[in-house]
Structure formats: C-alpha cells, structure tokens
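These protein sequences, in sequence, are chains G and V. Note that numbering that gives the first Met the number 0 has the first sequence beginning at 0, numbered continuously upward. Note that numbering that gives the first Met the number 0 has the second sequence beginning at 0, numbered continuously upward.
To be clear, the hints were calculated from the coordinates, so they are not data collected in a lab. Take every hint as true, because none was put in to throw you off.
With a cut-off of at most 27 angstroms between alpha-carbon atoms, the simulated DSS-like pairs for lysine-lysine come out as follows: (1) V:K74 with G:K12; (2) V:K129 with V:K198; (3) V:K198 with G:K1; (4) V:K94 with V:K74; (5) V:K116 with G:K12; (6) G:K74 with G:K207; (7) V:K207 with G:K1; (8) G:K198 with V:K1; (9) V:K1 with G:K74; (10) G:K129 with G:K116; (11) G:K57 with G:K238; (12) V:K42 with V:K232; (13) G:K74 with V:K12; (14) V:K94 with V:K42; (15) G:K229 with G:K98; (16) V:K12 with G:K12; (17) G:K1 with V:K74; (18) V:K140 with V:K229; (19) G:K116 with V:K12; (20) V:K1 with G:K207.
Only a predicted model underlies this, so the values are computations on that prediction, with no experimental measurement involved.
Number of protein chains: 2
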Amino acid sequence: MKLDIIISADNIKEEYLENKIVVVIDMLRATSVIITALANGAKEVFPILTIEEALKKKEELIMNGINPLLGGERKAIKIDGFDFSNSPLEYNSDKVQGKSIILSTTNGTRAINLSLKAEEILIGAIINAKAVARELKKYNKDVVFVNAGTNGEFSMDDFICSGYMISLLCDNDNNDLSDIAKTAKYIYENNTNLISYIKEATHYNILKALNLLKDLEYCCQKDIINIVPKFSKSLKSIKI
Amino acid sequence: MKLDIIISADNIKEEYLENKIVVVIDMLRATSVIITALANGAKEVFPILTIEEALKKKEELIMNGINPLLGGERKAIKIDGFDFSNSPLEYNSDKVQGKSIILSTTNGTRAINLSLKAEEILIGAIINAKAVARELKKYNKDVVFVNAGTNGEFSMDDFICSGYMISLLCDNDNNDLSDIAKTAKYIYENNTNLISYIKEATHYNILKALNLLKDLEYCCQKDIINIVPKFSKSLKSIKI
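Given only the sequences and the hints, what does the whole structure look like? Please build it.
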C-alpha cells in the first residue's frame, strides 16, 4: 500500500484523500485524549471546533436525554466552565465511564473536518500506534497520515508519531512510501525512544513551560492502549 | 533570524513570504543548472514555465538583438529543438559565455513565480550552499527556503539541501528555527555526505533510471561554486 503524510491541517487537499484511509494525529494532546477517554469507557467523543459550538452541542445532547461532559483547551489551558482540560490524565474511568464527551480543540478538530472525503478516519497517537498499524494492515488500502500540526504548521511530535506507525507497517511488508513518509520513518528509526527528537519540538516546549511534563511523559509512551477510535461521518462522533 | 521551509511549490502561501528572503531550491536539477550556467559566464537566465512561452520569449529577445539559447526538460528529457537539456554538465563556458538562456522547467519556475512577494529571491543548491549561507548572513532577515519539490510534493533532495544551508547558518549564530527547519537540519547533520539520504529520494531514482548518474554526482557536490544568483522581479531574469 502507498503511505503518505500531510504535514499539517493547513496542507490538506481534500480530494487527495478520496478512497484512502486517513489517520488523524494530534498527539499533543487531542488524539491522546480521545484514545484515552474511549479506552477508559467513554461512550463517544464529539470533536468540536469552537467553544460556542461545544456549548450548543451540549444543549442539543441534553435535549436528547444525554448529559455530556465538556473538555478542551485554548492555548493549552482549560476553558472556563468546562469539566476537563486537554490533559489525557484527567479522563480516567471514574469520570468518563459511559459518558459522552464534547471535546473542543483547534488543530485536531480541523484536521478531522478536512478529512471527510477519506474512506475511513482513524484516530492515532503514540499511545495506540501498534493498534493503528494492525488495523491499517487489515484495510490494506492507501494510507495518509494527517498530522494536525500546531497552528497550521508542521509539528515534530506528530511527524515522528507518523514515522513510528510507518516503521511498524514496513516491518514485514513492502510498501510504497512517499519522500515525506520515508523521512518520517528515518526520523523515528533514528530516535526510537522518541523523546530525543520530540524534546526539540516547539509544541513540546510550550507544554513543558506550562508545567505539563506529566502529560508529555504520558503521551510519549508507546502502545499502552490497544484500541483504534474511528470518526463516524454520519454521527459526527468518535467511537471505538 | 527566523528560518523556515516550505516543502513544495504547492505549499507556498504567498503572503507569508512578505518582507522575507526566499531561497528557491530545485537541486535536481533546475537551480543547479542556473547556478552552473551563470558561474560559467552566462549573462542571464529567464525561468519560463511552458515551452510556448519559452519560444515566445526567444522571439522577443531576437527582436531586441539578443540571440538566446533554449534549455529545459519535460519529464527529465530534453525538449525537441532546444539547445540544452536540464543537465548542468551541458552548460559549460564554451557554450554559455555571454549568452542569455531561456530555461523551461516546471517545479523550479513555479516556485520562483509563487515567491514574488518576497523581498529578495536567491537561487540555491548544494553546489553553492556556502555562498548562499554567507549571503543570508549579510541580509540578517527572516529566511524561507522554498523547496520546489517534485510534482508539487515534498522532495528529499531539496529538503536535505535546505538542511545543509540551515546547518551552515547555525554554525555560530543563534537562530529561531521552525520545527520543519529543525528537522531538515537534523537530517543533514546525520547525513553530511548527503547521498546516504538522497539516494532514497523518488526524484533521484527517476534520474538514475534515465542514466543521469553523472548529473546526480555533480549536483550532490558541496560548494563547488561561489556565486549566488538572484531573481530580478523587474527583469524577470536571474543574474549574479
């Protein structure tokens, strides 16, 4: 299968994704949050762009007898009146079991919204990379790793995460890699501990400066979760 | 100064280049041809997108008493009726001394045309990287390395060339590197012989399959030329 990467939400050409499987990656921290919440028993996650839309979605769900929780961040900080910030460590099973979660993030949600032409949208991060690779092998179709990036720009953290998954996919099989996919694989295979590369990322250093080192440590752990969330285009929500 | 990279002509956002110095890189082979021709005494190079426009430009120059030479390629092959292909080895001083050259290439010319909002457009390749870095230090302004790429896509060859120049710029000075600039620098500094990385590039392998190994060897030599061509927006031509 062909493996390619789009380096940030700003670089998505929607038609290019037709008939392909997309893996959306925003490892610091939106997709790590989504994967963690669903692994800990959340029923579903609605990725929403703005705070206004998130509050509207909450009203809509309440009207349907569902009492959702609100999570998200602006500039990496918790939103006033929300139940959670964007820290995956907050989404433990005590809090999220059986719950619908509305998550308002910028980069990750944009990446999902711009990937709707894809045949399937999977949610990936370092914490579930092996599970994603296993799922992709089942599809055996062309794959595009859509890196959410940071503020529309290439982000080292999402890039090495793509490289890790590409490296896993190339373990036994012969795949057709684009130049950017080869480069991500190279970066990963020369930094298999991840952190030697990620610690240089602008985004990593923003989170570190906000005392979010525990989040960073969590998000950089390989394969601690064995599920692959998928975005349902009809339901506009992410489920296992 | 801030150092950033645009990974292909398709990814250029023109406004982003305002007040910045752009280095256009299409090392296999357009910018290597331009640098070589000018170093060997050519008067000027007109980068032109289509064959039709190239022939029109030739007529226009002839009307003005100039007898230009035509160079270029389509799918890496010489164009019928043209004087040169896109091989830098053909542009020796016997042939180009004092001549105006019309060069019809796709990726490199597109990259130049989409960079017109920049304050200055320099022409770079591996063969003149040190000269480019020296020139950039004189400007001391924000720099964007515009990689022409191949068919609108990220190309490993242009990327490591950017990484080499960024590495040179960071030798003594503290610069502000974007994540993609850090990644290119990392790739170069782990492949200082260049070829260990470039040999995986799709574009490199296309040229190799066309028996253009001598061109590839030439274009991968560091700093054999000490000039920095610049694109004149008013003249629409490239000169030293």
